[in-house]
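K.L.:
Okay, here's what each chain looks like letter by letter:
Number of protein chains: 2
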Amino acid sequence: MPEYELLYWPVSGLAEPIRLTFVVAGIPFKDTTPLTDPEFNDRKLALHPYAPDAAGLPILVFDGKVCCQSRAILRYIGRLAQHEGAFLYPTEDPLEQLLCDELIDLSEDLRRPMSATVTTQYKDAAEKEAARRALLAADGECTKFLKVLDKKFGECFPTKLTIGNIYAWSIVTMFRQPTFIPEIPADALSPYENLTKLHQWMSSLPAIKAYYESSQGRDNYKPL
Amino acid sequence: MPEYELLYWPVSGLAEPIRLTFVVAGIPFKDTTPLTDPEFNDRKLALHPYAPDAAGLPILVFDGKVCCQSRAILRYIGRLAQHEGAFLYPTEDPLEQLLCDELIDLSEDLRRPMSATVTTQYKDAAEKEAARRALLAADGECTKFLKVLDKKFGECFPTKLTIGNIYAWSIVTMFRQPTFIPEIPADALSPYENLTKLHQWMSSLPAIKAYYESSQGRDNYKPL
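If you read the protein sequences in the order shown, they are chains A and B. For the first sequence, our numbering begins at 5 and goes up steadily by one. For the second sequence, our numbering begins at 5 and goes up steadily by one.
Here chain A stands alone, though its shape is the one from the complex (with noise of 0.2 Å):
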């Protein structure tokens, strides 16, 4: 197995759901963030493959390899990875992989109108923290699709781990305190069953739960 190296903020982010493969599947991986290495920004713009025209994060170092599409990644590491016997990203079964990929584009609607948050300028702290709770309010652009992540959940709650679950579950406990992101409300998720319901599932499965018992920085991870 080649070694791979993750490179990224050291917050939860676009790499938690790459992260959270590896740990499930038990494929060792290096976690490099600015915490753990003094190098970090030169060594981000010596290997981004898309330098100098853009640069983002997270990118994944491989057998002299490098890519830095988040999603991307995830479902080449899902395609390797297994979970009691099965691949993470079910490319085997077309309608499993259909509903798999749902979820990942279904968590980035709800992702985008947050992102967008934090690439704006805003003049001061209150106007930041007025469109964030903007997103949560009733006709929200965040609550929209909270709304429609928690019925797809209630209508067909998971039976077994894949990348879509995963990845919905690291989007949505974004909105969940304490997060890196400080202005969210404290309740933001408390009106979604289904997906508390996720929430306890996730976080409870063994290989999950034993990464967050020693990870700093992480306690809306934990189950309730």
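A few of these clues could be false.
Same chains, same label: a pair holds when it works inside one copy or across any pair of copies.
As the list claims (entries may be wrong) - Derived BS3-like pairs: lysine-lysine, alpha-carbon spacing no greater than 25 Å straight-line:
#: 1; residue 1: 151; residue 2: 69
#: 2; residue 1: 148; residue 2: 213
#: 3; residue 1: 155; residue 2: 132
#: 4; residue 1: 69; residue 2: 132
#: 5; residue 1: 69; residue 2: 164
#: 6; residue 1: 127; residue 2: 34
#: 7; residue 1: 132; residue 2: 226
#: 8; residue 1: 69; residue 2: 156
Keep in mind that the hints were calculated from the coordinates and are not lab data. Quick caveat, the model's predicted, so the values are computed rather than measured.
Got chain A; can you put chain B on it based on the hints?
P.N.:
Same frame as chain A, but now just chain B:
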């Protein structure tokens, strides 16, 4: 084979890569738009799996199932569709799948800033045109990803058809006049030699060429 129906607006957009995947594999599908179905809006709301909370297009209907995530649909059809004996979504070889997924995600990086100008409310047409031109300026949000895509196709020109090439070409072609986004400058793609080479290759494939000979409003998909 099930009967496939795809519902979308009568433009290329997010449905075109799916339509092209059907076309190159010779899989019949019903291409429903408001121009072909007077009940379009009512059917869209009745069928949409996320209604009433969200209602984006396209929608694929088949075998009593409904999916509305465009890239999940694309991967599903790509997993079933073949061209010259190979599946269009190559999930059997993880590295081929990675390259294919990277092209899809990179095309999304290019599409998203343009897409934001569709959902933004501008005070007048001049402001909208300025916003779209800014995306394509020397330091524009789309320019940087057009450069990355051009470099990528320069380093590794495709030797076979995948949904990755199809998606990249479809998104790039939104920037080639005459497109359904009238504010794009006519010469937006002229700096990109490898994207031009990709265009000539894709648009000259016999199934694609035949399809666009009889399609309305798709002159930008024809060979230069």
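K.L.:
Could you run down the list of hints and mark each one as holding or not?
P.N.:
Status of the hints after comparison with the structure:
no.	hint	result
1	151 to 69	between (39 Å within a copy, 20 Å between copies)
2	148 to 213	neither (30 Å within a copy, 41 Å between copies)
3	155 to 132	neither (29 Å within a copy, 37 Å between copies)
4	69 to 132	neither (38 Å within a copy, 41 Å between copies)
5	69 to 164	between (31 Å within a copy, 21 Å between copies)
6	127 to 34	neither (38 Å within a copy, 49 Å between copies)
7	132 to 226	neither (27 Å within a copy, 46 Å between copies)
8	69 to 156	between (37 Å within a copy, 14 Å between copies)
In summary, the numbered hints that this structure violates are 2, 3, 4, 6, 7.
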